[in-house]
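Asker: Dock chain one against chain two, each of which comes alone in its own frame, and use the hints as you go.
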Amino acid sequence: MNWFKNKDTLYGFLVILPSLVLLGIFVYGFIFQTFYTSLTDWGRDPAQALSANPQIRFIGFENYRELFTGFVDARFRQDLVNTFFFTVFFILGCLGVGLGLAIVLDRGPRGEGFFRTIFLFPMSLSFIVTGTIWRWMLQPQGGVNQLPTLVGLPKGEFAWLTSREQVWQVSWNDLPFVTALVVSVVLVFIAIAAFRGGERRRGYIASGSAALLLLWALTLGRTLQPLPFDEMHGFNLAFIGIILAAVWQMSGYTMALYLAGLRGIPEELREAARVDGASEWQLYQRIIFPLLAPITLSAMIILGHISLKIFDLIFAMAGADNAPTDVPALLMYLTTFRANQIAKGAAIGMILLLLVAAVIVPYLYSQLKSEVRR
Amino acid sequence: MQKLWLSLMLMLGSLAMAQTGKLEIFSWWAGDEGPALQALIDLYKKRYPGVEVINATVTGGSGVNARAVLKTRMLGGDPPDSFQVHAGQELIGTWVVADRMEDLTPLFNQEGWMNRFPKGLLDLLSYKGKIYSVPVNIHRSNVMWYVPAKLREWGVQPPKTWAEFLTVCQTLKGKGLEAPLALGENWTQQHLWESVALGVLGAADYTNLWNGKLRFNDPKAVAVWNTFGRVLDCANKDASGLSWQQAVDRVLEGQAAFNIMGDWAAGYMTTTKGLKPGEGFGWAPAPGTAGVFMMLSDSFGLPKGVKNRANVLNWLRLVGSKEGQDAFNPLKGSIAARTDSDPSKYNAYLQSAMRDWRSNRIVGSLVHGAVAPESFMSQFGTVMEIYLSGRNAQAAANAAQAIANQVRLGQ
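Protein chains in written order, with this note's numbering: chain A, 1 to 374; chain B, 1001 to 1411.
With the rest of the complex left out, here is chain B (with noise of 0.2 Å):
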């Protein structure tokens, strides 16, 4: 009885304490992405009005000035009350394994989230058996975009696999298209290689890559910098100067047959654009990867020692409750992490992402934090610059091996 009371005044406790205090959100999610936060936020305060909600944004794409500020701060012992990152081993590698987050296994159990996740993304989420962080959307990495209207004119499919697309960059070469495949800066490059690499090496063995069975320079990984070889032979020579929209750009003006990027490409092609999914541009698995749904996911964790934690606690529940991504997804332009939302709030692009997240199978993205920490993430950079001046398949697999040994990576 005695124990009953007790618990129940700490629920009473906590209750009262959640609805005042001060909650501290931590993101890049600034400029086109800023309104989907803003309506997660908003949901929030109309659930705790007493609370003050703090939208700590630090501006830079894909969190680049972001994570530098972060670390300041966690090491300086002023962590945010919950900070973006993206799910997985940037999470995991970085901060995990030195022992600042939480484990929020028990608020997965407490709200009935563990089979409302796919489990390949929940495969990703957890170290050592426990989950760390709430995803609060999903975008696909591994999609290629084209306008169909154009490959008609051309004559072409999308193509199925990598070799059937070296033969298409030939036949559009023939016709006078100078480089079939648009390119944009580093990054975007390394973007390509993951899906090259997935689509050579299949889904297992891309798994094992990052899980340490398969070692970067056994053949057949080799195999796979040579296929990028040749598909970077098929794509613009201006590529680092160009923004991954300039690269779509080029692609919707016609100078470029294909491009391969995440789906945030679908939001700047229907909302900057005023395309329409299906008509003015058309979308395809990256070749050789369809049935494969390779995802990046942005998360929110909860770092030990936070001031408002009973606030933060509730911020994840709203994050990853139908309500809230349903509310944060259309305007993000990607697709909930759950498998419950509702697909009429979507457009076409993001419902058959939908669809394919419910039914693909799921292995995670390397450049966008899911499978490596950032140590290796972060020199696989170096990894790209000795291939892309030497073109050596060979040194570019030795490298990425060294590095791999260096950053322990799947151990």
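With the rest of the complex left out, here is chain A (with noise of 0.2 Å):
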């Protein structure tokens, strides 16, 4: 029992004892729930859906390989295919124009104060407000597309929310062969860096699984095919209109974060670059932007796992059952609580889980090995 060596570390141990038993069940408790009823058949027998006493066979990850390669699971593919793109272009989006804001700002203009108050504004409103405005502005017939008649100009065609044009489509069986590429080309990254760093090993072990995986994809990945006939997915134009709403939303939040790491770096740092010759363009590109890394990478984690569990935003603007606009988080509600398929629905939310794990998980690793360091 040295655990304990004085009483300060029992009463500390004490106090914050609650909290972990109220964590263990409401939290990993009930993701264990989760996990175990996508599992089951719960909800294919609409008798048995929602009985007191419904009886739920144990069908291992049935509903897993249903969402994947289901005939009627179709939307469920769309929506990974529409989460991926509304997360890579919501990204790039709010960091380009934070990391704008934010330099814009940094020179100091006149009022910067009150811009940067209005900049910051939208992060204060919900997403459901944030999700009826911009409805009431993307209104096919109004809004944003009368705008070009104020100054004489024939009215604006674009369907914001309701087209259902995609462009990008990929078959969902190029999908393994893809996804191995993608992966082999951030390992043979890896790799690069590993050499560069003197990291032999870790250098080898990297290139080495990255050219493993390309031989995989080139001949038996082309092979794996999920689905009996080809299912094309792609990015819907419809997502635009979404896609400007969050950006708009969140960029100002990515502004303040920038904002703030560009205060923070030492005007010596930048007088001695432009003494040493610096351009502008230079000092940003050497300086400044290394410098901000570490905070673009904190705003990554932060709108990424937004973007991916993102629900009132597109359940304000487009409604729950427009498709083109759908993403899981919106399907696993209606799959759950209006399909009454909650098992499928549970196996929704665990894929969620893992796609949330995937971009959180890495980061958590990385902060708590710095912290040990120090």
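Everything labelled a hint here was simulated from the structure, so no lab data went into it.
Treat the hints with caution; some may be incorrect.
As the list claims (entries may be wrong) - Pairs of lysine-lysine, DSSO-like flavour, derived with a Cα cap of 30 Å:
hint, chain 1, residue 1, chain 2, residue 2
1, B, K1130, B, K1119
2, A, K7, A, K369
3, B, K1173, B, K1273
4, B, K1322, B, K1304
5, B, K1322, B, K1119
6, B, K1150, B, K1276
7, A, K155, B, K1175
8, B, K1220, B, K1119
9, B, K1220, B, K1237
10, A, K155, B, K1237
11, B, K1273, A, K155
12, B, K1071, A, K309
13, B, K1160, B, K1119
14, B, K1273, B, K1150
15, B, K1175, B, K1273
16, B, K1150, A, K155
17, A, K369, A, K5
18, A, K155, B, K1173
The structure displayed is predicted, hence computed values, not measured ones.
Answerer: Here it is in structure tokens:
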């Protein structure tokens, strides 16, 4: 019992014990419960779905198999593709706009405080409010599409939230191949970084795995087809409106982060660089942007998990039933609470959790590691 | 003798109990529909002044939010005393098969309702020969709305079949009307689909679709999707951004000639828009569906294990009574489910609907929960998506059949 070397440690432990227990039950316990539910057939038999004492059978990963390869679950697969594109454009948009605004504000224009408030303001709204406002503006018959008529041009024709056009279509059957390609490219980057940093062993392992994966992708990966037919998925143009609203809402936040980062860079560094003859562009490229890298990373993590979980914004802007703007979180709601497919809803929830974990866990890991080093 | 005393005491006891306590009514009637519910509640309070009525309304059109709340409460063991539900499979396929509702057949016999409601309706309310909910109103789903003056101007008649509709559509397009049919968001597209299905298949085969005798991938049912696609070509492209009211507005403004919508559209046009039925707007059965009344109905049931059972039974008695229905429906813009209600309380459109209700063949609506359980209905949206993205009738039909198998439709 040398855990409790003194009374303070014991008190400390007792104080956090209730929250540990609650966390254990209401977070991890329920995650486990959801995972177990996702492995059952709860909801397949309508007579059992909502009965007082449902008979639930264990069916393993059948629900997951159906989601990824079943005939009627095409919507889920489109939703995953939607989430991917939404996340990419949302993060790029927020980082780009946020950094731009921060650089402008950092140069100390007149009325800086005023603009800072203006840009940060959207973040104080809830996604529901943002969604409602933007829905009005993006009505196909009104709002933004009417703007050109103010200067005498014909009105816009873009169906902001309702377009059914898709670009960059990929067949779902190419997914194993594409994934393997992407992962091996990442591995190659890791290998290059390792060789540069002098970690030879790590470099060899990374490049070796990349080569293996590429080999698999080019041979067996081409023959692995989850579906018996080609199913095309791509970027729904209707998402442009949603991405605009989401970027509008969150770019003020990245601006604040970047502004704090920029203000944290000592003036001496800039002076020194200028004395050494660096141009303004070189100053940003070589000094300031590298120093902002950790901020970019944390912004990406936060924006990334927001975009994976996004529900309310889309619910308010386009409704739950508008399939061109559907995402897995909405589908989970519909599947569980409208279609009564409780196990399948749980499976979608677990997939979402895994996606968020894939973003958060590496970040937490690196944070913890750096804390331990400190 | 002893038995008589006992039953008398029991009766007295239940009467005494019925006059106190609480009654929680769970519904999604807020906003425009609130006053109609309030009229019913007022009537109840007049009859049973000792009972405290709790109006637990969850807002959200067509009950989208209310149903999720209801599910949470039922699964959590806290059922509301009586809840609003679309009559038919929405109740049966969700709650009756799960053994959560009480059989109301004795109440129907006791109140003599068996021959007050049309048989087609009782069939839709029944599961294995027992009746599970009391319908308070009837809406008609297969109605086509138009503006008579505009049609005269364009020189067209309301089409009688879908083939005729497509011809009229071409005529109107030739006269510069871009989208002769006004269409709204996702569920109104499914609403259009069910009218097309009824018109193409006819009442018998339409009914067979829901009892499993006609498969969705049968050539006859695939033909529905083909017609549906050609009808969609007559509709506006920005449909999913419009509410049903905005779609009706397009007809009233002359941007479109027709709209297929349930008869709450008549309520919207008379009450909100102040138009006179027959003059400001006209109506006809959706093409190919004359003589058939596609119905949906709001009803109340009795969940098992409620706290105030006697009060609920009194509530259900009121809901099914002539007095209750004639208080509720003129305000709601629907007609009474009973066939003996008083026509003088209703406007011109509703009177015509009442005549049809008493004489037409009755079938149930898909989108509004009468013929298919929730599990089918909500996944039918996916079928619609498969069709809209690829316009492949066979693929949509296959998907519909796959879902029907999965949820054991008609078994």
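Asker: Can you name, in rising order, the numbers of the hints this structure does not satisfy?
Answerer: none
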